[in-house]
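Which chain is which? The protein sequence lines are A and B, in order.
Residues 3 to 297 (the numbering used here) are what the first sequence spells out, left to right.
Residues 3 to 297 (the numbering used here) are what the second sequence spells out, left to right.
Treat each hint with caution, since some may be false.
No copy is singled out in the list; a pair is fine if it fits within one copy or between any two copies.
[As the list claims (entries may be wrong)] Subject to a maximum C-alpha distance of 25 Å in a straight line, what follows is the list of computed DSS-like cross-link-like pairs (lysine-lysine): (1) K108 <-> K182; (2) K182 <-> K216; (3) K71 <-> K108; (4) K182 <-> K66.
Simulated from the structure, these hints should not be mistaken for lab results.
Number of protein chains: 2
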Amino acid sequence: MNLIDGKEVANRTNEQTRLKVARLKEQGIIPGLAVVLVGDDPASIAYTRTKDRISTSLGLFSRKINLKKETSQSELLKIVSGLNADQAIHGILVQSPLPPHIDEEKIVVTIDPVKDVDGVHPMNVGKLAIGDPTALVPCTPLGCQRLLLESDVEPSGAHVVVIGRSMRVGKPLSLLLLRKGKGGDATVTVAHSRSRNLAGICRTADILVAAIGKPEFVRREFVKEGAIVIDVGVNRVEDQGSEKGYRITGDVAFAETAAKARAITPVPGGVGPMTVAMLMVNTVIACENQTGVAA
Amino acid sequence: MNLIDGKEVANRTNEQTRLKVARLKEQGIIPGLAVVLVGDDPASIAYTRTKDRISTSLGLFSRKINLKKETSQSELLKIVSGLNADQAIHGILVQSPLPPHIDEEKIVVTIDPVKDVDGVHPMNVGKLAIGDPTALVPCTPLGCQRLLLESDVEPSGAHVVVIGRSMRVGKPLSLLLLRKGKGGDATVTVAHSRSRNLAGICRTADILVAAIGKPEFVRREFVKEGAIVIDVGVNRVEDQGSEKGYRITGDVAFAETAAKARAITPVPGGVGPMTVAMLMVNTVIACENQTGVAA
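Produce the entire structure from the sequences given, and follow the hints as far as they go.
This is the structure:
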């Protein structure tokens, strides 16, 4: 079994981004990323802090906007519109989940598609489906794809089973791996909580991606001998023994699946760092597209 | 084995559309459909003629625009823009395939998404992926879904394998059957010409949809005993014995698969009539959305 080291691949990806940012700076351009957080969800606070720290460390201009959880939908829409018009900002990410009084789809369609570095605007999702190379693709699927390629796993012709049909992972990942050409051409199955015979379907996978949001849901009977396992899950489970009172676990029962898998990503240190790294990549792409200047 | 009678379901669907059109007329509104044909491909001529005939027979306003195959891209774009602005037209369909000198995606993104009754504009594809109920969905996937439901086949929880990853069938059908709720909640696999072990993957399907464009490609070893088989293919194959010198065949070798299937669609008389019927349904929906008047 090989461990797929997401941190290592993310570091390499970040180094490439750092060079690109430096080249853009020489041409008088600083890619700018705005991350908007509404409320005080501890996981979201941690995520936005990481995004701010990494983007700053790579030389991007980072603007972190923290809003009270009582922020109204119209206030949030006004802030997004302001960022759309702001020439210093090339990428906008509104951290999910939003408080229940805000209609997330309304916010998403308000983001200018060319600044939608989270790849969630319907225009970008549609372009991804069509195979249009100008699509901005959600960061987690991009990260999963790059992890496979950097581990010399070629999706072409292989059977990928994705558990979970969310708009940030399952659906865009399936569209990404179905595209023609390098990193695509896979046979893709999207399974989910309603799927009958879920373990049996997963056992047909050459590459199994778990993105269902349930701690250690994928057991050894889900995994074919020699399969590649990508664990997208980030779950907090209670752990009295730990200092914080919880620990982070993936959607995959690691030890028992690792024994069968040819390669597997750990949690933490697998997909997580790649998601952040691909956000930086997307911000540079968005900046290049908007300014017409190549890094 | 049951034959799924697409003609019969299409007739019933068309009767519902006829009633809706009549109710809109009482309110002073006539749904209008424009079908644009470029060139003289015999199959395309036949398709556009059928669409014109059926829409007229159901009481819609039909405008058929036949253009020479030399029509330039800018001329075609001008015609589409004119239809976008024309208040008598609620639905626009540009018949595919277009001549090679025309960039189909440029044409597609020019169609106003609210008039895109073919469901191919990225905005509609994206909304379909998100599960937004205002998406206009491509006609063939809608037709396949309705055939299943009218045959009392509930996709929920079932494993659907679609062979083919086109923008008019494979990808939108997978997104449609993945949506939450009635007619959705399926486990969906998209396979294609690059898939390894294609027959084996197809044999895991409870519902097998063939949309690969190869005559009689799906043989008995592709089909699980008791599966539902939906044949989207329309292929002309040479046939010296027939009057026209060709006959129409599906993507499925009918006789040998029918012996194993629980139910199967014939070609012709299966998905084909449903595609046309759903175009009429989409035109009425688009008209209702644009006028704000419900049928």
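Each hint tested on the structure:
1. K108 <-> K182: Between copies, since 20 Å is at most 25 Å while 32 Å is not.
2. K182 <-> K216: For K182 and K216, only the inter-copy Cα distance (19 Å) is at most 25 Å; the intra-copy one is 32 Å.
3. K71 <-> K108: within (17 Å within a copy, 42 Å between copies)
4. K182 <-> K66: neither (37 Å within a copy, 34 Å between copies)
In this structure, only the earlier hint numbered 4 is contradicted, and the remaining ones agree with it.
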